[in-house]
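So the chains spell out like this:
2 protein chains.
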Amino acid sequence: MPEFRQNKATKEWVILTPERGKRPVDFVKNLPPRKPLPAYKDDCPFCPKNEHLTLEPIYTYPSPDRWQVRVVPNKYAALQPSLATTRSWVGSFLSAKGFGIAEVVIEHPRHDNTPALMTVDEVTQVLKAYRQRQIEISKNEKINLVTIFRNHGARAGTSLEHPHSQIIATPIVPPHVRYPMEQALQYYDQFGRCVYCEMVEEELRQEERIIIDSQNFAAFCPFASRSPFECRIYPKMHKASFILIDDEEIVELASVLRETLARLYFGLNNPDYNYIIRSATIGDHDTRHLHWYMVIIPKIATPAGFEIGSGIYINTTSPEEAARFLREVEIK
Amino acid sequence: MPEFRQNKATKEWVILTPERGKRPVDFVKNLPPRKPLPAYKDDCPFCPKNEHLTLEPIYTYPSPDRWQVRVVPNKYAALQPSLATTRSWVGSFLSAKGFGIAEVVIEHPRHDNTPALMTVDEVTQVLKAYRQRQIEISKNEKINLVTIFRNHGARAGTSLEHPHSQIIATPIVPPHVRYPMEQALQYYDQFGRCVYCEMVEEELRQEERIIIDSQNFAAFCPFASRSPFECRIYPKMHKASFILIDDEEIVELASVLRETLARLYFGLNNPDYNYIIRSATIGDHDTRHLHWYMVIIPKIATPAGFEIGSGIYINTTSPEEAARFLREVEIK
Numbered sequence: 001m002p003e004f005r006q007n008k009a010t011k012e013w014v015i016l017t018p019e020r021g022k023r024p025v026d027f028v029k030n031l032p033p034r035k036p037l038p039a040y041k042d043d044c045p046f047c048p049k050n051e052h053l054t055l056e057p058i059y060t061y062p063s064p065d066r067w068q069v070r071v072v073p074n075k076y077a078a079l080q081p082s083l084a085t086t087r088s089w090v091g092s093f094l095s096a097k098g099f100g101i102a103e104v105v106i107e108h109p110r111h112d113n114t115p116a117l118m119t120v121d122e123v124t125q126v127l128k129a130y131r132q133r134q135i136e137i138s139k140n141e142k143i144n145l146v147t148i149f150r151n152h153g154a155r156a157g158t159s160l161e162h163p164h165s166q167i168i169a170t171p172i173v174p175p176h177v178r179y180p181m182e183q184a185l186q187y188y189d190q191f192g193r194c195v196y197c198e199m200v201e202e203e204l205r206q207e208e209r210i211i212i213d214s215q216n217f218a219a220f221c222p223f224a225s226r227s228p229f230e231c232r233i234y235p236k237m238h239k240a241s242f243i244l245i246d247d248e249e250i251v252e253l254a255s256v257l258r259e260t261l262a263r264l265y266f267g268l269n270n271p272d273y274n275y276i277i278r279s280a281t282i283g284d285h286d287t288r289h290l291h292w293y294m295v296i297i298p299k300i301a302t303p304a305g306f307e308i309g310s311g312i313y314i315n316t317t318s319p320e321e322a323a324r325f326l327r328e329v330e331i332k
Numbered sequence: 333m334p335e336f337r338q339n340k341a342t343k344e345w346v347i348l349t350p351e352r353g354k355r356p357v358d359f360v361k362n363l364p365p366r367k368p369l370p371a372y373k374d375d376c377p378f379c380p381k382n383e384h385l386t387l388e389p390i391y392t393y394p395s396p397d398r399w400q401v402r403v404v405p406n407k408y409a410a411l412q413p414s415l416a417t418t419r420s421w422v423g424s425f426l427s428a429k430g431f432g433i434a435e436v437v438i439e440h441p442r443h444d445n446t447p448a449l450m451t452v453d454e455v456t457q458v459l460k461a462y463r464q465r466q467i468e469i470s471k472n473e474k475i476n477l478v479t480i481f482r483n484h485g486a487r488a489g490t491s492l493e494h495p496h497s498q499i500i501a502t503p504i505v506p507p508h509v510r511y512p513m514e515q516a517l518q519y520y521d522q523f524g525r526c527v528y529c530e531m532v533e534e535e536l537r538q539e540e541r542i543i544i545d546s547q548n549f550a551a552f553c554p555f556a557s558r559s560p561f562e563c564r565i566y567p568k569m570h571k572a573s574f575i576l577i578d579d580e581e582i583v584e585l586a587s588v589l590r591e592t593l594a595r596l597y598f599g600l601n602n603p604d605y606n607y608i609i610r611s612a613t614i615g616d617h618d619t620r621h622l623h624w625y626m627v628i629i630p631k632i633a634t635p636a637g638f639e640i641g642s643g644i645y646i647n648t649t650s651p652e653e654a655a656r657f658l659r660e661v662e663i664k
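Protein chains in written order, with the working numbering: chain A, 1 to 332; chain B, 333 to 664.
Check before you lean on any hint, since a few could be wrong.
Claimed, not checked - Computed cross-link-like contacts, SDA-like style, restricted to lysine to any residue with a CA-CA straight-line distance of at most 20 Å:
hint, chain 1, residue 1, chain 2, residue 2
1, A, Lys-299, B, Ala-486
2, B, Lys-343, A, Thr-281
3, B, Lys-429, A, Pro-18
4, A, Lys-11, B, Ile-475
5, B, Lys-343, A, Thr-86
6, A, Lys-97, B, Thr-648
7, A, Lys-49, A, Ser-63
8, A, Lys-11, B, Thr-648
9, B, Lys-429, A, Glu-320
10, A, Lys-236, B, Ser-424
11, B, Lys-343, A, Lys-49
12, A, Lys-11, B, Gly-643
Rather than coming from a laboratory, the hints here were simulated on the basis of the structure. Only a predicted model underlies this, so the values are computations on that prediction, with no experimental measurement involved.
Model the full structure from these sequences, guided by the hints.
Here's what the structure looks like:
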C-alpha cells in the first residue's frame, strides 16, 4: 500500500511505493559495470606533478610539497570573488553580478581513491579542510551561505574522476534554503526545541532506520526519504553549523561517513552519489533552531515530471528496508 | 561574467555562466544517437489491439473502438483512489495512506509519434483530454492538487516509449507548490496584480527571450531559466487554472505547444524532456493571484550537489541565446 510521509523539519512530503519497488539486489544488477580507474593519470589536473594545472592552493595538508589534501580555487568557477554584490533591475526582473567563492577540495593524491575506501584519518583530513575553509570563507562579510558538496560519478554531475569535493559560497540565501529555516524557527517558537534535535531523537527511538549509532552522531535512512538509500548523518548534540565541530567529533564523523559510504559502495556496487553538508547561514551559527547535517543521495532513481512539478518524490524503496540492507552489507 | 537572476514569481535564484557554456550545436553533437521507433509494437500495452493490457478507459476520443486519445487508470499507480485520507502519527512523524488518483493519457495510436510531430488537431485532442480529466478529478472533494506531466525519454524518467502523459492528483499540497503561491499572494497584496501577468508582460516587453508570441499565449525561455533551453508557455489572460481554458484557446495552445516542442525536436535532435502543467489548487480556480502555465525542461544538464543543496541552478546557456537559437530552428 502506498504511503505519504512528511519530513518533520521541512514539511516536505514523499510517496513510498515499496510494492512497486525493486529489491536492493535489483539496483545492483541493473547498474552498468564501472571500469576501474588507474592510480595515476598523466593528464589529470588533480594528480600529483600536475599541480601547475590548477590555481594556487589556498590550503594544503600536511604541506604544499607533499600534500595529502589540497584546496584550490575552482578554475572553471561558476562564481567569481572579484565582482560586486549589488543587485540591479533588468526591467522589473532582479539580477546581480555573479559574486561568490568556488573552491575544489582535492581529497587524495591517488586518482583511484574514494572516501569509501580511504582510512578514517584520510577522511578526517578532508573534513578538516572543509571546516577550515568554511571558517575562513565565513569571515567574508559579503558571503551568507556556504555549501559543501561532493559529486561522485557522471550521474551525479561530475566529469572529473579524481576524488574531489567542492565548496560554493554565495551572497544569496535562496528560498530552497530559507524556507526550511523558517519552518524550523516556527517549530522552535511553538515547541521550544530544535526540530532537528527532535527528529534525530525520534529516529533513534524508532531505531529501524538507523545505520550507525555512534556516541555523537547518528546515520540513518530518514523516515521521509526522497529516494532509494538516501542517508543522513546528524550530530546528536545541537550545533547549527559544521564550523562548530571539534577535533574529537571530526574524527568520529569521519568514521561514520566513511562507513556509510563504504556500505553504499559494497552494497550497491559503487553507485554515483551526491553528498551535501548543510549548515546555518553565516551569522546564525549559534542559533537554537538550526542544526547542521550531511545528506548522501545515491543517484539511483530519475526524478521525472511529477517530482519536478509537485516536489513530492516517489520512492520505491522503503527506508526501513534500505537501512536493514545497508546494516547487513559486508564491508571488505 | 557570471550572473545571478531571480524568478520574479517564486523568488528562486539561478546562476547563468554562459562563458563556461557550450554553443547549442555542442548539445546536439554530444547526444547519443536515438534509434528510430517502430510504428507499432506487438508487446506495447499502449498500442492498438493491446487495449486489454491496460485498465478500463476513463476517457476516449473519438470513441472507445476507434480511439485517437485514450485515458486509463495507471496500472502501476503510485497512489490509489480507494484509500482513506486520514493522517496519522508514527511516533512524532506524520504519515498518510497513499490516497490519490493516477492516470495515463495515451496520446496517439502510433507507437512512434510524439507531440512535436503531431498535427495541431492531434495535440488539441490530447490537451482536451487533460482538461476533461482535470475537471472531473477536481470534483473529488478529497483531491487538492492535480499535476499533469509528460516524461519524454529515459533521462526524463520514462521507460515506456509509446507517446503518453500522466496525471497524478493528490490530497496533499506540498511546500514546493504552496510556497510560490504564498509569494504570489504577497505580491498581489502589495502590488495589486498577479505577479505572473506582470512577468509575462515584462518578457513580452523585453522581447529577446520570446520564442512564440501568439494572440493569447507567449512561449519563452524565462529570464531566470534553471537549465539550458527551459521553455515556458503562459496564457496572456489571467486564468488561475488550466481547466478554465476555452475551446478556441485550447487550439491555439496546441499550436504553440506543438511548435515549441518541434523547435526543440529539430534544433536539439529530439532531446529527452519533461513538461508540466501547473494550475491553482482545487477551489482556487478563480483566484486573482495565481496563474496556470506550462514548463518544458529538456534533460540536457545534470543537477549536482550544489543544485540539490542550495536550490540554485547553474545554467550554462543564457535564455537569450537559447530563445534566439530556437526561433531560428527550421521545422521540417
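Between B:Lys-429 and A:Glu-320, is the straight-line Cα distance small enough, at 20 Å or below?
holds, 17 Å
Could you grab the alpha-carbon distance between B:Lys-429 and A:Pro-18 and see if it respects the 20 Å cut-off?
Satisfied, since the Cα-Cα distance of roughly 13 Å is no more than 20 Å.
What's the verdict on A:Lys-236 and B:Ser-424, does the C-alpha distance respect the 20 Å limit or exceed it?
Judged against 20 Å, a Cα distance of about 17 Å means the pair holds.
Holds or violated: A:Lys-299 with B:Ala-486, Cα cutoff 20 Å?
The given pair, whose Cα atoms are some 14 Å apart, holds under the 20 Å limit.
Straight-line alpha-carbon gap A:Lys-97 to B:Thr-648, limit 20 Å
holds, 15 Å
Agreement of B:Lys-343 and A:Thr-281 with the hint, judged by alpha carbon distance not exceeding 20 Å:
Holds - the C-alpha atoms of A:Thr-281 and B:Lys-343 are around 18 Å apart, at most 20 Å.
Does A:Lys-11 pair with B:Gly-643 here, judged by a C-alpha cut-off of 20 Å?
Roughly 16 Å separates the two Cα atoms, so the pair holds.
CA of A:Lys-11 to CA of B:Ile-475, is that 20 Å or under?
OK: A:Lys-11 and B:Ile-475 at ~19 Å, within 20 Å.
Hint consistency between A:Lys-49 and A:Ser-63 [alpha-carbon to alpha-carbon, up to 20 Å]:
Holds, because 15 Å separates the two Cα atoms, which is no more than 20 Å.
Starting from B:Lys-343, check that the Cα of A:Thr-86 is at most 20 Å away, please.
holds, 17 Å
Quickly compare the C-alpha distance for A:Lys-11 and B:Thr-648 to 20 Å and report which way the hint goes.
Given pair A:Lys-11, B:Thr-648 is violated - Cα atoms ~32 Å apart, limit 20 Å.
Restraint status (C-alpha distance of B:Lys-343 to A:Lys-49 at most 20 Å)
This hinted pair is violated, its Cα atoms lying about 45 Å apart.
Hints 8, 11 from the list above are not met by this structure, while the remaining hints are.
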